[in-house]
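So the protein lines, in turn, are chains E and G. Quick note on numbering: the first sequence equals residues 4 to 343 in the working numbering. Quick note on numbering: the second sequence equals residues 542 to 912 in the working numbering.
Hints listed in this document are in silico derivations from the structure and should not be mistaken for laboratory results. Please note: incorrect hints may appear among the correct ones.
[Unchecked claim] Pairs of lysine-lysine residues, derived as BS3-like cross-links and limited to a Cα-Cα distance of at most 27 Å, are as follows:
hint	chain 1	residue 1	chain 2	residue 2
1	G	LYS673	G	LYS849
2	E	LYS87	E	LYS225
3	E	LYS87	G	LYS822
4	G	LYS849	G	LYS703
5	G	LYS822	G	LYS703
6	E	LYS87	G	LYS703
[What the hints assert, rightly or not] Pair by pair, the computed Cβ-Cβ distance ranges are:
hint	chain 1	residue 1	chain 2	residue 2	range
7	E	THR110	G	PHE694	45 to 51 Å
8	G	PHE590	E	ASN140	42 to 48 Å
9	G	GLU697	E	ASN140	56 to 62 Å
10	G	TYR883	E	THR110	54 to 60 Å
Backbone N, C-alpha and C define an ideal beta-carbon position, used for all residues, glycine too.
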Amino acid sequence: MKILLPLAVGIAALAATSAASASTLSDVRDAGVVKCGVSTGLAGFATPDDAGNWQGLDVDLCRAIAAATLGDATAVEFVPLTSKVRFEVLKSGEIDVLVRTTTWTLTRDVGLGLNFAGVNYYDGQGFMVPTSLEGVNSALDLDGASVCIQTGTTTELNLSEYFRLNNMAYEPVPVETSAEGRSAYSAGRCDIYTTDASALAAQRSGLEDPSAHKILPEIISKEPLGPVVRHGDDQWLDIVKWSHNAMLNAEELGVTSANAVERSKDASNPAVQKLLGTADAGLGAQLGLSEDWAMNIITQVGNYGESFERNVGADTPLKLERGLNALWTNGGIQYAPPIK
Amino acid sequence: MSEQTREYPVGESPELPAPNHQPGAVKWVMENLFSSIPNGIVTILGLAFLYMVIPPFIQWAFIDSVVLGAESRQECNAINPDGACWAFIYRRWDQFVYGFYPADERWRVNISFILVAIIVAIALVERLRAIKGIIWVALALVVACIILIVGFFGLERVPTNKFGGFMLTLIIGLTGIFASLPIGIVLALSRLSTLPIFSIFATIFIEFIRGVPLITLLFIASTLLSYFLPPGTNFDLLVRVLIMVTLFSAAYLAEVIRGGLAAIPRGQYEAADALGLSYWKSMRLVILPQALKISIPGIVSSFIGLFKDTTLVLIIGLLDPLGIGQAAIADVKWIALSNELYVFIAIFFFIFCFSMSRYSLYLERKLHTGH
Chain E
4 MKILLPLAVG IAALAATSAA SASTLSDVRD AGVVKCGVST GLAGFATPDD AGNWQGLDVD
64 LCRAIAAATL GDATAVEFVP LTSKVRFEVL KSGEIDVLVR TTTWTLTRDV GLGLNFAGVN
124 YYDGQGFMVP TSLEGVNSAL DLDGASVCIQ TGTTTELNLS EYFRLNNMAY EPVPVETSAE
184 GRSAYSAGRC DIYTTDASAL AAQRSGLEDP SAHKILPEII SKEPLGPVVR HGDDQWLDIV
244 KWSHNAMLNA EELGVTSANA VERSKDASNP AVQKLLGTAD AGLGAQLGLS EDWAMNIITQ
304 VGNYGESFER NVGADTPLKL ERGLNALWTN GGIQYAPPIK
Chain G
542 MSEQTREYPV GESPELPAPN HQPGAVKWVM ENLFSSIPNG IVTILGLAFL YMVIPPFIQW
602 AFIDSVVLGA ESRQECNAIN PDGACWAFIY RRWDQFVYGF YPADERWRVN ISFILVAIIV
662 AIALVERLRA IKGIIWVALA LVVACIILIV GFFGLERVPT NKFGGFMLTL IIGLTGIFAS
722 LPIGIVLALS RLSTLPIFSI FATIFIEFIR GVPLITLLFI ASTLLSYFLP PGTNFDLLVR
782 VLIMVTLFSA AYLAEVIRGG LAAIPRGQYE AADALGLSYW KSMRLVILPQ ALKISIPGIV
842 SSFIGLFKDT TLVLIIGLLD PLGIGQAAIA DVKWIALSNE LYVFIAIFFF IFCFSMSRYS
902 LYLERKLHTG H
């Protein structure tokens, strides 16, 4: 024990010094890239395309942060991470920001020493049923159904709570992986399939006839997914937070990648001018960035709506509706504080 | 009871009935497949099973399959919904081979593949191995590969997180195999050493590594190590993984080789001593050649295990072929083509592991000098 104690203290001291790096922004500038932790492959959020370029809603946020800090949306080093290692890799400083469909919970925000910089997708657990199942238009019609469910997940817990609260019975059909769940569901071993709504959409597009299945309107759990940074670097937290907010504000103001340059010259709308850095308000300097930080985001990545439609929207095989992710002006809850 | 023998003059033969067996295929079938009623039933059931499985598989994998001409799963289905959609492997072939290695620099990987083939040939073909000084050629080729793949001396530097696919499997597998054998031999000898410091160190090391799953070591490599290293040190993840995989494999090899060493009769050690050979000479000339020969099946099966274990790096976010494939079938264009992916990956690993196993059989036969 006498030898172990100083050793442990030494290790702890080393760990402490490595965790408290000087400034993420200057590290990013030195490296010339933003190191962004993403999923190893999740439809619509982060997948490499056939040419090996990463695509997705999470990927776009990474690119936005790179555009804001370095002026180049391609200056991103994508680090594919599994859900098991994501927090350790972030905390050890190997990545600058984690954008990996991570649900914002108190434990993660406080207990793990992380900061969530916003919500780039409001997800929640939903249900998929075959359209041939007559008379089922709401999750409340599902009494007595058999449900394919991944074991050992929070979705399993949410499901039993929801059915108990509504005095309904169900028969669980346990599956291990999403691929197994899909095949069990398509083989008719269960009536309904439940998981996060965004993943449900991906699962549906993988079925033989996607139009023969529908996703019910009820969402039975809150899964706010957002970008995560380490505790202890407020400037970097601000940059990530406002990169996302800039995309939302741009959509609200009708600024798109196509019209941003033109709109920035139009002096009639001060909010647009402040966003795009032509109003001389010094907003970029307050973040430690150049004045055209948001301009770079919008021209190189686009606003939130563009990113949404491009990656998961109605024209993609996922066909996700905006729903909760619509702007507050359109009945959703995506509400960004103003840039001024 | 003595049998009567008759002698015949040259050119004459006894008039006996033909021997009671049939020659050729029919005999083989009767003897091997239908020698008894239970045996016959098993044969018929087996054939029925093969008939049920193989034609549909061939239909699915070859006749109805779509390889070219489809840009997405939907297009595959439009062409032929019943067959395999190999198109995604065709479209993503470069990713399966090189990962995210920059397209303009892939010639470097191609040259390295050729160099690696030469290195492996040097290691495996005895006639090449016998050439004097060949080991320096092999080492020079290894250095050349590292220079080419990582990029020094004016070549553009490619960060290791761009590595992926087969290239990554080969890097991890071959480094593990070639680096762990010498370490394993040294560990086995240390463990049997009469000097306590060597044997205690080797025993602790081997037992610790063997007592921990590889996946845990990989987690340590990917997450824990960076807490202990001074801030700002950039200790490459791939290098960390290579070290862990090598140590892991070395610990298992050490035990396999120790088994071989234990099987050598005491007389051999004493004979070597009696010849006045030093420790290293007696090991090199007398003991190890025999011990390694005995250990070949164990060593090769260790290597095969290691090669397949390389897929575990997927869990810490390195995209080996399985990781590349899983990312591919997560893309909405190719969503859920898991059957095609796993068949493809299985074929890839089977080719490598089966070759290794065949080579080991060949070595065993060649070295079987008979005692």
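Hint by hint, here is what the structure shows:
1. Among the hinted pairs, LYS673(G) with LYS849(G) is inconsistent with the structure: their alpha-carbon atoms are about 34 Å apart, more than 27 Å.
2. Between LYS87(E) and LYS225(E) the alpha-carbon distance is near 21 Å, which keeps this suggested pair within the 27 Å criterion.
3. The hinted pair formed by LYS87(E) and LYS822(G) fails the criterion: a straight-line CA distance of about 49 Å is larger than 27 Å.
4. Annotation: proposed proximity of LYS849(G) to LYS703(G) holds, straight-line Cα distance about 21 Å (limit 27 Å).
5. Pair hint LYS822(G) plus LYS703(G) does not hold up; C-alpha atoms about 45 Å apart against a cutoff of 27 Å.
6. Distance hint between LYS87(E) and LYS703(G) is fulfilled; the C-alpha atoms sit about 21 Å from each other, no more than 27 Å.
7. Between THR110(E) and PHE694(G) the CB atoms are about 50 Å apart, so this pair conforms to the stated range of 45 to 51 Å.
8. Under the hint 42 to 48 Å, the C-beta atoms of PHE590(G) and ASN140(E), about 46 Å apart, fit the expected range.
9. Range check, GLU697(G) to ASN140(E): Cβ separation about 58 Å, and the 56 to 62 Å hint holds.
10. Distance hint for TYR883(G) and THR110(E): a CB-CB separation of about 35 Å, inconsistent with the stated range 54 to 60 Å.
The structure is inconsistent with the numbered hints 1, 3, 5 and 10, although it conforms to all the rest.
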